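Q: Input sequences plus hints: build the corresponding full structure.
Respectively, the protein sequence lines represent chains Y and W. Just so we're aligned: 8 in the UniProt record's numbering is position 8 of the first sequence, and the numbers increase by one with no gaps anywhere. Just so we're aligned: 142 in the UniProt record's numbering is position 142 of the second sequence, and the numbers increase by one with no gaps anywhere.
Errors might be hidden in some of the hints.
[Unchecked claim] The following label-pair restraints were derived from C-beta to C-beta distances:
1) E108(W) x N86(Y): 51 to 61 Å
2) P150(Y) x E105(W): 26 to 36 Å
3) G185(Y) x N84(W): 48 to 58 Å
4) W147(Y) x K169(W): 52 to 62 Å
5) A167(Y) x K169(W): 19 to 29 Å
6) A167(Y) x D115(W): 43 to 53 Å
7) P34(Y) x D77(W): 48 to 58 Å
[As the list claims (entries may be wrong)] If the Cβ cut is set under 8 Å, some of the chain Y residues that face chain W in the computed set are:
8) L25
9) A39
10) L46
11) C48
12) K49
13) R53
14) S56
15) R58
16) R98
17) F100
18) A104
19) A105
20) Y106
21) D193
22) L194
[As the list claims (entries may be wrong)] Here are the simulated SDA-like pairs of lysine to any residue, each with C-alpha atoms no more than 25 Å apart in a straight line:
23) K104(W) x N90(Y)
24) K112(W) x G133(W)
25) K150(W) x A105(Y)
Hints were generated in silico from the structure; no laboratory data involved. These figures come from a predicted structure and were not determined experimentally. All C-beta atoms in this analysis are idealised placements derived from N, C-alpha and C, irrespective of residue type, glycine included.
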Amino acid sequence: MPRRRPPAGLRSDEATSMVVLMEELVEEILLRFPPAEPASLVRAALVCKPWCRLISGRRFRRRFSEVHRSPPMLGYFCNLYPDAGNPNRNKDAGPVSRFFPASAAYPRHPDQANWSALDARHGRVLLRSVRGNPRISVWDPFTGERWELPPLSDTWYEDDEDHWNAAVLCAATGGGGCDHLDCRGKPFLVVYDLLVHLLVGDWLLERANLCCSET
Amino acid sequence: MEVDKGKGEAEETRKVAEADRDTVTLKSSDGKLFEVSKEAAARLSTVLAGMIAGGSIDDNGTDLKQIGSEALENVVDYCNKHANSIPSAALISSSISFNTAPFKEPEEWERKFVDRLSHDALFDLVEAANFLGMERLLDVTCHKISEMMKGKSPDQIREVFNIKNDYTKEELEEIRQELAWAFYDD
Chain Y
1 MPRRRPPAGL RSDEATSMVV LMEELVEEIL LRFPPAEPAS LVRAALVCKP
51 WCRLISGRRF RRRFSEVHRS PPMLGYFCNL YPDAGNPNRN KDAGPVSRFF
101 PASAAYPRHP DQANWSALDA RHGRVLLRSV RGNPRISVWD PFTGERWELP
151 PLSDTWYEDD EDHWNAAVLC AATGGGGCDH LDCRGKPFLV VYDLLVHLLV
201 GDWLLERANL CCSET
Chain W
1 MEVDKGKGEA EETRKVAEAD RDTVTLKSSD GKLFEVSKEA AARLSTVLAG
51 MIAGGSIDDN GTDLKQIGSE ALENVVDYCN KHANSIPSAA LISSSISFNT
101 APFKEPEEWE RKFVDRLSHD ALFDLVEAAN FLGMERLLDV TCHKISEMMK
151 GKSPDQIREV FNIKNDYTKE ELEEIRQELA WAFYDD
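A: The following block contains the structure:
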């Protein structure tokens, strides 16, 4: 028979008629929150500390992802010149990588000035600086965590910067691989792709070099 | 010797009669008796199925000391209604697409069934469903409670669940500032 657990949340002393739900039932209820409405879970986490611990715990996040399978798209990044149409704009102002929400969720710092987004996958965004020697950075827009990668070798960008690209992938391999339902906190891999142009007679050949950097 | 044999036979006859019955009698914590379809009880509750299979069902009322009469009445009502309902095409198709569907949506009659309950009755029923291992009823009641919480502020949820706020004002303010997007429509 199911075992009774202590209630989640502290009961107020004044009222005693109401039923206080066991923690396992609170979990079952919160699991049924729609993933496209992340604000509901944030509000529930602010009800009391035991609920916050429950919702932010690895077990709940894992079950929530398993039950709802496809993670919702919270938004997308667009690289743009925010002042492009303004004749009086500051000509030195660089482009901005800006977050456009597709749900209520919104990162604390939606604009990344002087960075452009190269890729976004499994909750991480790959950014490159647009000034000076390109720097590469992996960013979690919702936790604010950021990892700077070692600078690229000069040979990667001295000729034409447009001929390289990069992607950020989940590199979790433990327990038979990762189903990418909860990659946060797991290792990631940045894959660089360099196209080298070779001119042989009248033929232009392209060769792709792949190189990886694991963090 | 003869008497003992007679007693044994009587016991055997009673057991056979009980096994032949198509209902079981359940007794609530406050001593009220309820009849429920044996087939529906075994199909909907893993705990009752185990008791029926193990022969631990009492003809005079199987004691369910953890469940009050109001909750048990709702459980029995749900089992009997379920026994009479034909699964809709929506339920069948959602069971096929289980891997992509989060949970099976409640049937129309199941919605009506939980909509008429008070908060206390609903919370009692969700606990009874959990205790009796009634997955479908647990699904329906949890779905209803999660819908009740939709769009509510932390204060309103605390009121419904009778929970004491253990955050300090400063802690709450800090989180609200950090996750301001979650509170736009407060």
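Q: Now tell me, hint by hint, if it's right for this structure.
A: Evaluation of the provided hints:
{"no.": "1", "hint": "E108(W) x N86(Y): 51 to 61 Å", "in the structure": "holds (56 Å)"}
{"no.": "2", "hint": "P150(Y) x E105(W): 26 to 36 Å", "in the structure": "violated (50 Å)"}
{"no.": "3", "hint": "G185(Y) x N84(W): 48 to 58 Å", "in the structure": "holds (50 Å)"}
{"no.": "4", "hint": "W147(Y) x K169(W): 52 to 62 Å", "in the structure": "violated (35 Å)"}
{"no.": "5", "hint": "A167(Y) x K169(W): 19 to 29 Å", "in the structure": "violated (44 Å)"}
{"no.": "6", "hint": "A167(Y) x D115(W): 43 to 53 Å", "in the structure": "holds (49 Å)"}
{"no.": "7", "hint": "P34(Y) x D77(W): 48 to 58 Å", "in the structure": "violated (29 Å)"}
{"no.": "8", "hint": "L25", "in the structure": "holds (6 Å)"}
{"no.": "9", "hint": "A39", "in the structure": "holds (4 Å)"}
{"no.": "10", "hint": "L46", "in the structure": "holds (4 Å)"}
{"no.": "11", "hint": "C48", "in the structure": "holds (5 Å)"}
{"no.": "12", "hint": "K49", "in the structure": "holds (5 Å)"}
{"no.": "13", "hint": "R53", "in the structure": "violated (11 Å)"}
{"no.": "14", "hint": "S56", "in the structure": "violated (11 Å)"}
{"no.": "15", "hint": "R58", "in the structure": "violated (20 Å)"}
{"no.": "16", "hint": "R98", "in the structure": "violated (15 Å)"}
{"no.": "17", "hint": "F100", "in the structure": "violated (13 Å)"}
{"no.": "18", "hint": "A104", "in the structure": "holds (6 Å)"}
{"no.": "19", "hint": "A105", "in the structure": "holds (6 Å)"}
{"no.": "20", "hint": "Y106", "in the structure": "holds (4 Å)"}
{"no.": "21", "hint": "D193", "in the structure": "violated (33 Å)"}
{"no.": "22", "hint": "L194", "in the structure": "violated (38 Å)"}
{"no.": "23", "hint": "K104(W) x N90(Y)", "in the structure": "violated (55 Å)"}
{"no.": "24", "hint": "K112(W) x G133(W)", "in the structure": "holds (22 Å)"}
{"no.": "25", "hint": "K150(W) x A105(Y)", "in the structure": "holds (16 Å)"}
The structure does not agree with the numbered hints 2, 4, 5, 7, 13, 14, 15, 16, 17, 21, 22, 23 stated previously, though it agrees with the rest.
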